[in-house]
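Number of protein chains: 6
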Amino acid sequence: MKIVYVVPGVMAEEEQRRRESILRDWAFEGTQVDLVCVPEGPASIESMYEEYLSIPSTAKLMVEMEERGYDGAILGCAGDPGLDAMRELTEKMLVVGPGQTSMIAAAMLGHKFSVITPEETLIPSSYELAFKAGVLEKLTSVIAVNIPVLELMTKRDQSLEKIIQGGRTAIDRDRADALVLGCMSMGFLEVSEEIEKALGVPVINPAKVGLKMAEALVDSGLRHSKKAFGTPVKIRSGKVKSIDDLYQRG
Amino acid sequence: MKIVYVVPGVMAEEEQRRRESILRDWAFEGTQVDLVCVPEGPASIESMYEEYLSIPSTAKLMVEMEERGYDGAILGCAGDPGLDAMRELTEKMLVVGPGQTSMIAAAMLGHKFSVITPEETLIPSSYELAFKAGVLEKLTSVIAVNIPVLELMTKRDQSLEKIIQGGRTAIDRDRADALVLGCMSMGFLEVSEEIEKALGVPVINPAKVGLKMAEALVDSGLRHSKKAFGTPVKIRSGKVKSIDDLYQRG
Amino acid sequence: MKIVYVVPGVMAEEEQRRRESILRDWAFEGTQVDLVCVPEGPASIESMYEEYLSIPSTAKLMVEMEERGYDGAILGCAGDPGLDAMRELTEKMLVVGPGQTSMIAAAMLGHKFSVITPEETLIPSSYELAFKAGVLEKLTSVIAVNIPVLELMTKRDQSLEKIIQGGRTAIDRDRADALVLGCMSMGFLEVSEEIEKALGVPVINPAKVGLKMAEALVDSGLRHSKKAFGTPVKIRSGKVKSIDDLYQRG
Amino acid sequence: MKIVYVVPGVMAEEEQRRRESILRDWAFEGTQVDLVCVPEGPASIESMYEEYLSIPSTAKLMVEMEERGYDGAILGCAGDPGLDAMRELTEKMLVVGPGQTSMIAAAMLGHKFSVITPEETLIPSSYELAFKAGVLEKLTSVIAVNIPVLELMTKRDQSLEKIIQGGRTAIDRDRADALVLGCMSMGFLEVSEEIEKALGVPVINPAKVGLKMAEALVDSGLRHSKKAFGTPVKIRSGKVKSIDDLYQRG
Amino acid sequence: MKIVYVVPGVMAEEEQRRRESILRDWAFEGTQVDLVCVPEGPASIESMYEEYLSIPSTAKLMVEMEERGYDGAILGCAGDPGLDAMRELTEKMLVVGPGQTSMIAAAMLGHKFSVITPEETLIPSSYELAFKAGVLEKLTSVIAVNIPVLELMTKRDQSLEKIIQGGRTAIDRDRADALVLGCMSMGFLEVSEEIEKALGVPVINPAKVGLKMAEALVDSGLRHSKKAFGTPVKIRSGKVKSIDDLYQRG
Amino acid sequence: MKIVYVVPGVMAEEEQRRRESILRDWAFEGTQVDLVCVPEGPASIESMYEEYLSIPSTAKLMVEMEERGYDGAILGCAGDPGLDAMRELTEKMLVVGPGQTSMIAAAMLGHKFSVITPEETLIPSSYELAFKAGVLEKLTSVIAVNIPVLELMTKRDQSLEKIIQGGRTAIDRDRADALVLGCMSMGFLEVSEEIEKALGVPVINPAKVGLKMAEALVDSGLRHSKKAFGTPVKIRSGKVKSIDDLYQRG
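Protein chains in written order, with the working numbering: chain P, 3 to 252; chain H, 3 to 252; chain D, 3 to 252; chain F, 3 to 252; chain E, 3 to 252; chain C, 3 to 252.
Honestly, the hints are just simulated from the structure, not real lab data.
Quick caveat, the model's predicted, so the values are computed rather than measured.
Treat each hint with caution, since some may be false.
Pairs count within a copy or across copies, as identical chains cannot be separated in the list.
With a Cα cut of at most 25 Å, we get these calculated DSS-like pairs of lysine-lysine [to be verified]: (1) Lys62 <-> Lys241; (2) Lys4 <-> Lys199; (3) Lys241 <-> Lys228; (4) Lys157 <-> Lys241; (5) Lys199 <-> Lys228; (6) Lys94 <-> Lys199.
Bound-form chain P, shown alone:
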């Protein structure tokens, strides 16, 4: 099985390789995992605007990855920006969003979960994501730790502490019995075990669970439903030749 992890924003080469290496450690034995990154895009995604900015070049890269023969792809942002579009454009390659996938994993393990998100401004879109995933009924709260995404990795200890503190509020006040880390950079911090130990509830790492679920679905022979995510009508009907032609310049 071949899985590709697609980073929807610009990222230093070194960090790309670090993440790829972690993903390869996590993968099942027979899985080949590669990480690719868009040539241009936002530096990090902390608003809906940045989510949208990331989509055009990511979608293009996804189509390319399908052509290269990958069986599954992980859209590397916990906001799942443009997941529905990526699925419209692909058919043989499963695309999963780690945000929805993590919420769904939390739903499988308990009754009520909370999402820990970096910024206040990301709270409303977390509810929309839970609606799209179909598990809104189990989302009891979204808690912001107010750490800019790009500082999460440079201030690991402080981040860890704030996440644990937010998680405790979720458990005590909102009756959460599972937690979702709502950001890929939190995922690659590799802190979920420590948080789990501190709080005593399952902590979903979107990076790890995104990969595992993609492997599980692909190995089950499943792809996203084309009845749910139809190919754009201009492409299906042959009116345009490639996805590039859907965008008209000047």
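Chain P is fixed; fit chains H, D, F, E and C onto it per the hints.
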């Protein structure tokens, strides 16, 4: 009051002026309405992918329109592509999406409404829009007439007939008591009166209602909530100077 | 366009003229606004019982206003007492309830809103109103300030302070990002701008927004759905001649 | 235990005695049941307007019945008109609405129920009633048989046939596994056994179940919650002496 | 009418007679109430595992009770363990679960109710029960008093105090306007009147209300829906002769 | 990783080995899968009663499997009988139910799914399962093919045809865009690929997906939440020594 209607895809100059002229006819006496169009974008929006493609240049144009002193803007697509992002980037200028606005108008006039949409592939996103608008409980069905958006205007009679037929199904089978035209091109066909006469229930024209609601809210002194649609943190904190800097090229 | 504001309880002539004058200031240029008041009814509406008491004479007045040629009517109480009945009895004149309309305006501007209501006893009916409006999903809380309606105007400063305090709880504890003033007397206090300045979220004035939305819908050529609000069968079938005959005395 | 059945519209004396006699047959051994009727009101209730018309004199009669020492009262219309107001005005006497009570009985016996209602125009209010009762999730459909209420009794056989036909649709198409007769005149037709035999699912007679549930709750020592249905503030605070003073004439 | 109360766990003979005697005091005049107890089962039910353990022998006893001619049965545990199975196996005898019945009684008396439950571990299943009853929308919270079921009766005063304290939280924090005692042992403590006096909201005793509702439904001629709770197919088709044959040993 | 598949009813040794062999084919390379079967239980599970009958001995076997060092267990029935109890009794070994897991997989791949179930009587419990899984919003219908479970395997072609026919109804009438096979025997028929080919939407095989998801979650280092599924209080507090002591005989 100054209102701008922003077309999020490419459109022939003549059609732009035609629509602007209709909008000016519809406007209240003291309202100045202008129509502007993005320099580049999709030819029409019939998939989520095309929705996303339209957002970056539209958002930029929205910011420019706020700077030019408009009080309100209408995002000219019934899918409301990127409405939340446009609202993140503006504060003094109200931005409304005609899709959500039309659903809300339908909710004000009856108990259950249906949306008539051009293509099957647009059905799922209509439910998501109703969720975002907060009126999902009143949406009883979404019915596709299977006419490509760009043919709606060239085949007016056939379109009208199919819309009426779809509306009848909505009323008889799904108990709809109001209908929403789920596409701006349907709106500028100026067919809602004829449909209403044929079917006997209110028919919401997203173009007209989008304008009227924008005028009503602006004249009430209201803008979208910045607590709900926060300015992107990198801009708010001064880390970047303009929205262009949120996107990094090679 | 001719709009009438119908006061569903007894009110001093002077206060009637004061409110009429405010409404005329708020109206669009081409709109004629008049205020009429029932000859008999409750002194104020602070319970469901008083809501119901107000309906028979208000409904009669509504029918009269339709006959007089008004295009739209505002039912002057934020509980929207008998709105469905008023709509059953009218067809050419749009009737809007400022309670449902304000909630819907709040839904258009943010993700979660709270209602500020005068009395504890009005809390449950606010939830029912949100259900009828179809926006229950966005109503995060209803907060009572415990000021009798008739004291709201005599104790303006104290009322303002309590409303701001209640609004702050709504924002901080319940994550409201927009507020609705749940009482017309609050609306005619003309305090929404001050509250908005203090709290930083949109504050919906039901009197102003009720008028603006009525103007917007009427100017869109829309009326409430007669499929949703059918004419009473005894009238439709001709069994009784007038609405008076629906009530049998001794 | 003393239970009173309050008819909220005018009714021939003979029919009153017939219904009273049926109620007495249904009652538990130790229960005294009386039927009283408002001196003035609608001839039948087939619209929201007629519901509202019935409330003022019915509420007054309810208060009188509480003073006369009844333990429980049944509001004799399946639309439960003004139930919340009746509960605001009473404390020692339980007031139940047969509409909500019947829906709740259906919820106790199966998974999904349908309501059979006389007229199309009563369909929307049935959903609102189910919302108020808290069992909206179990209401799968409302089916109108299109028989005016006053003809239900004169055309018993035709009514029975149409109700059975409507019930069959509910069962086959909407997966109902219990039926509620949504009208008191249907209840006093004494047809539920025949319908049940024909269709094989429980058929809730609102008249019978309204009485039985009232007896059950009263004998459990329960009354409606005064925290939920607070006494109108003007009465509670002593500002007015009686409920009559809440209404001001000329 | 003959009603049987079936204890689904082992219980001392003396306590059985005490409870039977209380039930007989509560019953309507014409009702014969008997209490029977399974020969083997859990000592008390404080987990889902103990709920399930209780079902096989209780179901068998239920079938026997139907054969003995009882009109109605109360499943004597507020978790309603296996209620759906008991209903699958019976047809002429109504089976009610006091848990769902109490929630439904609370829904009939107010807008929002809370459940007071002995242990934290019982909280999630209370939400599931409310879903099954169809009244989840009215359940505002479940509050655990952390007293093992078997200590409830030996420490009556302490239990009473903790229940009142939990109820106060429910009322003040969660806006409950009615309370349900979520345990039969709480019911037979006969403390609901004291709690009601202390807190001023209706307090539902599942033991008493379970009996009263069973009497009300049976006397209305109603049984649970066999379309909702179908006889197991192997029995219906005659493939097995008795329910014992559904279980195969070694 | 060691995974055990626990059959909760009696099954012929040969069929056990056949299923085990299929499971081993499906497993990831590093996974050891074993199949164990309860010594006594129902012959098949087609009613809630049979679900409950299966739980006591299955729970015991689960506890034993945890002691034997398995990392994860699959409860081999698509009704997930007693899943919550199994999770109360285990901590180091993840227990998944293939019913909930399959629904969740369907939710990950589309917008609306339907369940194909063997018997009409299993329809209501499928809705309850979707509620427990948290994905009720995405379940659009449950369709019974009316084939007894034990005949599914002997009449493979007829079963396949009926499942395809039911699936077509789900897609065309109920807008399903993914299907769940609601029975393990359907899963081990190995027909999902054929159905998928015939219908063009993802078809979830509960046996395969149950295994894959168990592998994915275990390999993510996750277990079910003990805050959600607490150890029975009598065990936690040490009042009883083993789960056997929770059941008292004669």
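So, going through the hints one by one against the coordinates:
Taking the shortest alpha-carbon separations for Lys62 and Lys241, only the intra-copy value of 19 Å comes in at or below 25 Å, while the best inter-copy value is 29 Å. For a Cα distance limit of 25 Å, the shortest separation of Lys4 from Lys199 across copies, 23 Å, qualifies, whereas the shortest one inside one copy, 33 Å, does not. For the homomeric pair Lys241 and Lys228, the shortest alpha-carbon distance inside one copy (19 Å) is at most 25 Å, but the shortest distance between copies (41 Å) is not. Proximity of Lys157 to Lys241 under the C-alpha cut-off of 25 Å is restricted to the inter-copy arrangement: shortest distance 18 Å between copies versus 51 Å within a copy.
For a Cα distance limit of 25 Å, the shortest separation of Lys199 from Lys228 across copies, 13 Å, qualifies, whereas the shortest one inside one copy, 41 Å, does not. Proximity of Lys94 to Lys199 under the C-alpha cut-off of 25 Å is restricted to the inter-copy arrangement: shortest distance 14 Å between copies versus 39 Å within a copy.
In summary, this structure violates none of the numbered hints.
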